[in-house]
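Asker: Protein sequence lines correspond, in order, to chains A and W. Reading the first sequence from the start, the letters are residues -4 to 243 in the numbering used here. Reading the second sequence from the start, the letters are residues 39 to 296 in the numbering used here.
Derived from the structure by calculation, the hints contain no laboratory data. Predicted model, so just to flag it, every value in this text is computed and none were measured. Do not rely on the hints blindly, as some may be mistaken.
Stated by the list, open to error - Straight-line alpha carbon distances no greater than 20 Å define the calculated EDC-like cross-link-like pairs of lysine to aspartate or glutamate that follow:
#1 W/K83 to W/D99
#2 W/K154 to W/D99
#3 W/K117 to A/E20
#4 W/K83 to A/E113
#5 W/K152 to W/E166
#6 W/K117 to A/D116
Now for the letters of each chain:
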Amino acid sequence: MVIDNMLYNVGRYVSLLRSAVARPEKFSMYYKETMRQMDAIGVGSVFIVLLISVFIGMVTAVQFADQLGDSFVPSYYIGYIVRDITIIEMAPTITCLVLAGKVGSNLAAEIGGMRQKEHIDAMEIMGVNTAAYLIMPKIIAAVVVIPMLVAIAAFVSIVGGYLSTVVPGSLSHTEYVLGLRSFFVPRYVFMMFVKAAVFAFLLTSVSCYMGYYVKGGSIELGEASTSAVVVSNVLILVFDFLIALLLT
Amino acid sequence: MIRTEDIKKSFGENDVLKGISTEFYAGKPNLIIGSSGAGKTVLLKLLIGLFKPTSGKVYYDDTDLFSLDDDALREVRMKVGMLFQGNALFDSMTVGENIRFPMDMFTNKSLGEKEKRVDEVLEMVNMEGINDRFPSEVSGGMQKRVGIARAMVLEPKYLFCDEPNSGLDPKTSILIDELINDLTHHNKITTVINTHDMNSVMGIGENIVLLKDGNLVWQGNKNEVLESDEQVLQEFIFASPFLRRLREDALKQRHAHE
Ligand SMILES: Nc1ncnc2c1ncn2[C@@H]1O[C@H](COP(=O)(O)OP(=O)(O)OP(=O)(O)O)[C@@H](O)[C@H]1O
Ligand SMILES: [Mg+2]
Chain A
-4 MVIDNMLYNV GRYVSLLRSA VARPEKFSMY YKETMRQMDA IGVGSVFIVL
46 LISVFIGMVT AVQFADQLGD SFVPSYYIGY IVRDITIIEM APTITCLVLA
96 GKVGSNLAAE IGGMRQKEHI DAMEIMGVNT AAYLIMPKII AAVVVIPMLV
146 AIAAFVSIVG GYLSTVVPGS LSHTEYVLGL RSFFVPRYVF MMFVKAAVFA
196 FLLTSVSCYM GYYVKGGSIE LGEASTSAVV VSNVLILVFD FLIALLLT
Chain W
39 MIRTEDIKKS FGENDVLKGI STEFYAGKPN LIIGSSGAGK TVLLKLLIGL
89 FKPTSGKVYY DDTDLFSLDD DALREVRMKV GMLFQGNALF DSMTVGENIR
139 FPMDMFTNKS LGEKEKRVDE VLEMVNMEGI NDRFPSEVSG GMQKRVGIAR
189 AMVLEPKYLF CDEPNSGLDP KTSILIDELI NDLTHHNKIT TVINTHDMNS
239 VMGIGENIVL LKDGNLVWQG NKNEVLESDE QVLQEFIFAS PFLRRLREDA
289 LKQRHAHE
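Make a model of the complete structure from these sequences and hints.
Answerer: Quick look at the structure:
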């Protein structure tokens, strides 16, 4: 029963995405919509991303400093650890989990509302490919903008680590920067962007799917919005693991 | 012209349409009437392909609607306008942007040309000057007119209206009916209207289809409605004693004339 339901949803999700990949009726309309979404998803999320990542950087640095304590590990490792943890895991994963909550629920509610108010039917009757017009611009916008947000998050986390160790004086500026410059693996940055793009795709496509097939009324709309967040989060974690397996 | 061939539609156990074969003519308002739950909305949504029938066919002139692939279906739909029961105006766009939307999507007209056409259709529905208002800022009757204006903006060959005058006062409903009637005749549109408004039936009913429990039980025009002794029809249309008396008077008058 549960399996049936899951397979049904996966099938419908795939076929929705297939019809979303189509030649735009009018390029300029899709372009405009993509820009609008970039603004909403990107600019609209900068503040929360900054806030979260500065704290993550601070916490990582402070806790790692504590764990190092008086051990033999040189203290400049703090900079190195903060950098790698942030780039590999924290920036892409935490940022996208948060964005799934903020952007995902929003997309599901927006599209679901359009479905319930018959806006989607109205567009279909005009001859618009609604799967394409309502979904493709959002996915493109997210896949372009969210990796940028993630890069900002990584940078800000590293600054956060600096703020919580160098500024109070538990670590010197030179040590932190030395740590940042040690053992750098460019592949990790590549991995960060891969994760960010994959997560961005997952969270937008899943949320749009949840909204697109909403039935009923406001309770169902709320449920769709919740499932958008929950399912996106689970998938982000699963793919985090898969990408880690594949790319390390 | 739209023709249906033995259309059946079930939702699970619920057989909503049980074999509808009929024709809807070009240049005439075609009315689908029937009590609540008779299947009017389902039939209308089948006619435009929002639902797929369990069996049976829908022809647009000679095109079999359900044999078309998605692209060809969209091709047909560009010739279709629809007024939804709940209007389905996009609430984050102004009235002007709503009406412009189909042109934005499907034409290469300049902004100026599009704005001109918006003004034109707004004038057609007697609503000039409300371009910059949002749908939530105009009354229900005005929203209907805007809905009609948006449906008409690309000069459709087929127009579908789901209960265009539900929730409107009798005078406004008659205005809306006349508007749809004029547009239909003037532009030779195949118009299909769902209604249970008796003013519409007697006012613009040139081809009336009565549905009952998923079957087509009567078809004719407004004069035949008056004359027909068909039980189901009379029960449905002349439901109140007052209307029954009116009908008898009308028939008497007509026969006195002859
Ligand atoms: N999407 C759907 N899923 C399942 N059943 C449906 C669906 N849409 C309509 N029905 C069923 O079809 C039947 C006919 O509904 P329909 O909306 O066509 O009635 P109607 O004639 O338009 O009534 P009204 O005048 O009240 O609008 C009802 O029994 C309804 O439960
Ligand atoms: Mg109905």
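Asker: For each hint, tell me whether it holds in the structure or not.
Answerer: Right, here's what the structure says about each hint:
| no. | hint | in the structure |
| --- | --- | --- |
| 1 | W/K83 to W/D99 | holds (18 Å) |
| 2 | W/K154 to W/D99 | violated (32 Å) |
| 3 | W/K117 to A/E20 | holds (15 Å) |
| 4 | W/K83 to A/E113 | holds (12 Å) |
| 5 | W/K152 to W/E166 | holds (15 Å) |
| 6 | W/K117 to A/D116 | holds (15 Å) |
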